[in-house]
Structure formats: C-alpha cells, structure tokens
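Under this note's numbering, read the sequence shown as residues -2 to 87, first letter to last.
Certain hints may be false.
Stated by the list, open to error - Between beta-carbon pairs, the in silico distance windows are:
1. ARG85 / LEU63: 30 to 40 Å
2. VAL11 / PHE55: 16 to 26 Å
3. PHE61 / PHE22: 18 to 28 Å
Note that these hints are calculated values from the structure, not bench results.
Glycine residues also receive a C-beta, built at the ideal position from the N, C-alpha and C atoms.
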Amino acid sequence: MPEFEMMGLLSWIVMGLAAGALARFLSPGEDSMGCFMTLATGIVGAILGGFAASWLGFGGFRGFDLYSLIVATLGAVVLILILRLFRRRR
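Can you make the complete structure from the sequences, with help from the hints?
Quick look at the structure:
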C-alpha cells in the first residue's frame, strides 16, 4: 500500500476518533458506547457531515484541519441524536 494511502486512512481514523469523542462530550447522555463505537460514530458522522456540508454549499472536507473537524463533529452529533431517537422508540 503506498504511503499516502496509508496516511489518508490513518488521518480518517484519527479524525473519526476526535470527532466521535467531541460529539460524545457535546451531547452527554446515558449512551453505553465503547471506544470502537465512538470511533465508528465519528467516522460515519464525518462522512454524513461532509455530504451535508457539500449539499448545503459549504464545501466538504479540505483535509485534516479545524473546519473538517467541526464538520465531522457536527455530523457525529447529529448521528448520535438520531441513534438516541431509534433507541427510545424500542
């Protein structure tokens, strides 16, 4: 695997972990998520946030910077709120 692809994957994982941790901090509650679920929430939230930002005309990810972290964190917060809605309906 070329070096730039490996660093891109590592950057997504680090960004997802940071976004997931920030999202969990910004939306406290009784969620029993472990480290891997927080990572997955951050990565999926980052993807959703990037799509939403692009769709709304704000642009998507620009690399590993503060803007991307904010977009990824907002996407992860929205994802956490959606997951909570589905859990309450059970």
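Verification of the supplied hints:
Checked against the hint of 30 to 40 Å, the pair ARG85 and LEU63 passes, with Cβ atoms roughly 33 Å apart. The supplied range of 16 to 26 Å is met by VAL11 and PHE55, whose beta-carbon atoms lie about 22 Å from each other. Look at PHE61 against PHE22: about 20 Å separates their beta carbons, and that is inside 18 to 28 Å.
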